[in-house]
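Asks: In case you want the letters, here they are:
There are 2 protein chains.
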Amino acid sequence: MFEVHPFDIEIGQYKVMLNLADARELGINAGDRVRIRTKGASLVAILDTTTAMVAKGQVGIFTEALKELKGAMTVDIFPAPKPQSISYIKRIMDNERLSEDQIRTIVRDIVDNNLSEVELSAYITASYIHKMDAQETEWLTRAMIETGDRIYFDTHPVVDKHSIGGVPGNKVSLLVVPIVAAAGLLIPKTSSRAITGAGGTADLMEILAPVEFTADEIKEITEDVGGVIAWGGATNIAPADDKLIKQEYSLSIDPYSQMLASIMAKKGAVGADAVVVDMPVGPGTKLETQEDGRSLAKDLMDLGDRLGIKVECAMTFGGSPVGRTVGPALEIREALTMLETGQGPNSLREKGLALAGILLEMGGVAGRGEGHRRAEEILASGRAHKKLMEIIEAQGGDPAVKSADIQIGDHQEQILSPSTGYVVAFYNKRIVEIARIAGAPSDKKAGVIIHRKMGEMVKKGEPLLTICSSSDWELECAIKDCTMRDIKRQVPIVVEGMLLERYPRMTEI
Amino acid sequence: MFEVHPFDIEIGQYKVMLNLADARELGINAGDRVRIRTKGASLVAILDTTTAMVAKGQVGIFTEALKELKGAMTVDIFPAPKPQSISYIKRIMDNERLSEDQIRTIVRDIVDNNLSEVELSAYITASYIHKMDAQETEWLTRAMIETGDRIYFDTHPVVDKHSIGGVPGNKVSLLVVPIVAAAGLLIPKTSSRAITGAGGTADLMEILAPVEFTADEIKEITEDVGGVIAWGGATNIAPADDKLIKQEYSLSIDPYSQMLASIMAKKGAVGADAVVVDMPVGPGTKLETQEDGRSLAKDLMDLGDRLGIKVECAMTFGGSPVGRTVGPALEIREALTMLETGQGPNSLREKGLALAGILLEMGGVAGRGEGHRRAEEILASGRAHKKLMEIIEAQGGDPAVKSADIQIGDHQEQILSPSTGYVVAFYNKRIVEIARIAGAPSDKKAGVIIHRKMGEMVKKGEPLLTICSSSDWELECAIKDCTMRDIKRQVPIVVEGMLLERYPRMTEI
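Going line by line, the protein sequences match chains A and B. The opening position of the first sequence corresponds to residue 39 in the working numbering, with each subsequent residue numbered one higher. The opening position of the second sequence corresponds to residue 39 in the working numbering, with each subsequent residue numbered one higher.
All the pointers check out, no bait thrown in.
A pair counts as met if it fits within one copy or between any two copies, since identical chains are not told apart.
With a cut-off of at most 35 angstroms between alpha-carbon atoms, the simulated DSBU-like pairs for lysine-lysine come out as follows:
#1 Lys128 <-> Lys105
#2 Lys120 <-> Lys518
#3 Lys424 <-> Lys440
#4 Lys284 <-> Lys53
#5 Lys128 <-> Lys518
#6 Lys491 <-> Lys284
Hints listed in this document are in silico derivations from the structure and should not be mistaken for laboratory results. Computed from a predicted model, the values in this text were never measured in an experiment.
Hey, can you work out the whole structure from these sequences and the hints?
Replies: See below:
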């Protein structure tokens with residue numbers, strides 16, 4: 039019988055802390071599982087031990103477990119077996135194959151918070167080193183679908199779009215979704231927020247309308263107006279992915295089979311029949327070469343076949359930002375302008391039409407080879423713009439919004455070219471860093487306008503970039519980061535003949 | 039400027055918690071590092087995020103970091119880079135070789151608590167999958183030595199003994215240390231406590247004398263009486279190992295290169311010139327086959343050569359317990375009896391003399407092939423017994439202690455053979471489980487006396503085991519575990535012809 043010592047800290051799982059002496063008496067160690075039992079409640083928690091935080095005879099119980107124990111003052115504690123998942127994770131380490139049941143058990147334990155961070159990290163690390171085979175990846179995907187909410191549409195086809203990411207300014211979903219929905223297809227698009235970028239599609243859309251919906255609400259909106267642009271993190275769709283992302287971020291790794299499964303689980307769970315995957319290829323993206331892109335495309339299409347989902351992949355140019363803006367408000371303004379006028383940067387227009395066109399063909403509303411032209415018609419006719427306004431209204435936003443209404447940070451500074459010449463180097467990563475220092479994505483009005491891209495001509499004194507921010511101080515920091523002469527800081531845009539510095543790295547041009 | 043919200047919980051490292059909204063504004067995520075600065079103090083901590091536990095504008099700070107901030111009410115928070123170790127751990131995942139500097143950086147970060155549990159787990163998992171090569175393992179060992187306390191003896195040779203473990207009742211250090219010290223060699227032995235066993239050497243010795251000493255005290259005692267039997271966990275010798283063991287236990291893995299380095303770092307740090315390694319081989323031990331044993335022996339000897347430490351390995355029989363007792367007090371009584379009378383189980387006597395003999399030869403006080411005989415003389419002469427009493431006194435225990443003084447749990451029960459025949463199966467693991475259920479190692483008086491070992495004859499009604507405990511209830515549990523008819527519970531000793539059950543597993547005999 040142990041006296042409960044409450045630790046009111048949420049840590050995402052059932053966890054308790056015993057004095058080391060008590061743990062020894064029970065014959066258990068930190069990382070073991072214990073069953074906590076009191077009148078009317080019983081749960082299994084992960085044990086930690088301490089010599090100082092709780093006295094002998096006490097048990098420290100963290101918020102999540104406390105709630106389950108409903109104010110009990112004393113509890114009984116017994117050793118409990120570790121989750122079976124741990125031995126299956128060991129199998130991955132040993133490069134042995136897993137059965138469908140074993141994979142489902144791991145995913146279930148992840149979703150139910152039954153694994154400690156140490157164990158989750160081991161799963162991610164082992165999965166990174168030893169890829170699953172195609173059959174295991176299918177099982178993993180199915181398990182991720184089954185352990186979350188699902189949407190079943192009565193009307194088909196349902197189409198969807200995913201981007202592998204890695205290119206800044208990639209606001210194309212704001213064109214693709216309304217074009218496709220305007221053509222009569224259903225497209226229940228869930229998007230992410232930026233983790234290391236300057237703005238995810240969900241961060242952008244949030245300027246126009248709420249983006250946090252349940253799976254049921256996503257279904258309803260999609261059935262109502264044909265499309266939705268929601269934040270995936272607010273749903274319970276393929277929730278295992280959300281649990282894994284935190285550790286993957288900590289370790290800066292993205293296990294291949296897990297990535298395939300995460301992409302396709304989200305699409306499978308919303309009932310997609312056909313999916314187009316945007317794969318930006320180029321230095322600095324996740325796919326350095328076209329070879330890498332082809333290999334990933336093959337694996338995604340194979341996985342789609344196994345799940346009964348048609349997949350097409352589009353390798354896109356990832357060397358420069360899409361369009362000429364980076365940062366939520368700037369990107370929304372650029373996308374709205376394109377929908378309102380049909381005009382705007384060619385890279386944005388062409389990419390949006392190409393991806394929408396593929397979906398129109400896959401969804402059977404355009405003949406093979408006709409998709410791009412149909413998408414162009416829909417954009418030019420204003421129907422795509424009208425459709426986005428319907429989606430905005432259905433999500434609870436203002437359907438009268440105009441591109442000119444979008445507020446941009448009023449602290450702005452132009453970065454001028456110090457010489458006349460051509461842009462001979464353009465570093466996407468640096469553009470994102472500068473936008474983030476200016477405040478993006480949490481300051482939605484912060485970002486970077488790009489006046490010159492790779493290969494374009496510029497005269498001395500003409501602007502290369504405009505940096506925008508809501509805060510004078512953050513603008514100053516971004517300017518400093520953009521222009522400082524420091525060996526660790528790459529100048530974002532290099533103009534031929536402009537000698538900004540004499541460090542060795544200039545030889546890389 | 040953030041308001042400090044104290045979380046008075048020790049978690050083993052500098053950790054802080056921000057509201058998710060604040061973290062987004064700072065452009066950082068859970069797992070990132072932040073610099074916390076206040077008047078007169080500055081530290082780098084690992085970030086976690088929350089939507090509920092701390093409000094916007096507040097920062098939750100855990101005990102370890104709180105102490106450094108000396109009561110500050112407000113702090114500034116800035117993003118800080120992740121430790122470089124993380125990119126080196128990624129190299130291990132990618133099966134790339136590390137430099138000496140990179141390995142040293144990882145070990146330093148482990149010792150300084152600069153890595154989160156997630157990152158430590160990734161290091162252990164990656165090291166388990168991708169072994170280091172011999173050069174890297176040498177660097178790892180040297181880094182583990184350099185990041186802790188070291189002992190430099192003026193007199194040489196210094197010898198030491200290590201057991202790979204995995205066999206119950208392995209109390210041989212209690213013979214080896216006094217025999218070797220009585221022959222004039224220095225042997226500063228640090229030992230472990232049981233984690234999953236029924237008693238480590240440190241748990242045993244603690245019955246006779248205190249075992250918690252600093253490196254300086256270990257040096258002093260060893261110089262004074264020739265030997266010591268201390269608990270390694272109380273020292274700061276090769277402290278990286280202590281940090282890793284917790285996660286290794288959680289994951290039930292023991293990365294090979296890390297195991298080699300941990301063994302040799304502890305020996306290198308105490309200045310050993312020569313080391314004998316006891317390698318129990320057999321089913322249920324860590325070394326299933328002699329092939330495994332030979333391969334480990336070669337790697338340990340190679341690593342010793344690189345470090346300038348002579349290593350010899352002794353493959354020993356690991357199929358049955360050493361001696362006939364398992365559990366701290368029972369084992370101490372058995373070892374003391376052997377020292378007092380020279381008499382006792384042959385397995386204990388022979389193993390102790392063999393290992394001591396090897397060290398006498400390695401230390402140059404016995405000719406090649408003469409060690410065993412010399413060890414036997416020292417034991418028979420009573421000099422080993424006298425030496426252990428000196429060591430006990432030097433460690434602060436009672437040098438007049440007799441084997442007959444050692445208290446055994448007075449709740450005892452004999453487990454009788456249900457038939458006449460030979461012991462045809464003997465499960466070490468089950469003996470340890472029963473001893474632990476009876477209370478060992480925290481109840482030092484608990485354990486198991488083994489009356490019949492593999493191959494021995496027994497008549498119906500004669501005792502197979504005696505279970506001892508300080509607690510009636512724990513004795514009952516141990517008896518139940520020993521005798522219950524349950525498919526999950528292997529009978530510990532199987533006598534030919536004794537039909538205890540009809541489950542399929544009987545066919546394994």
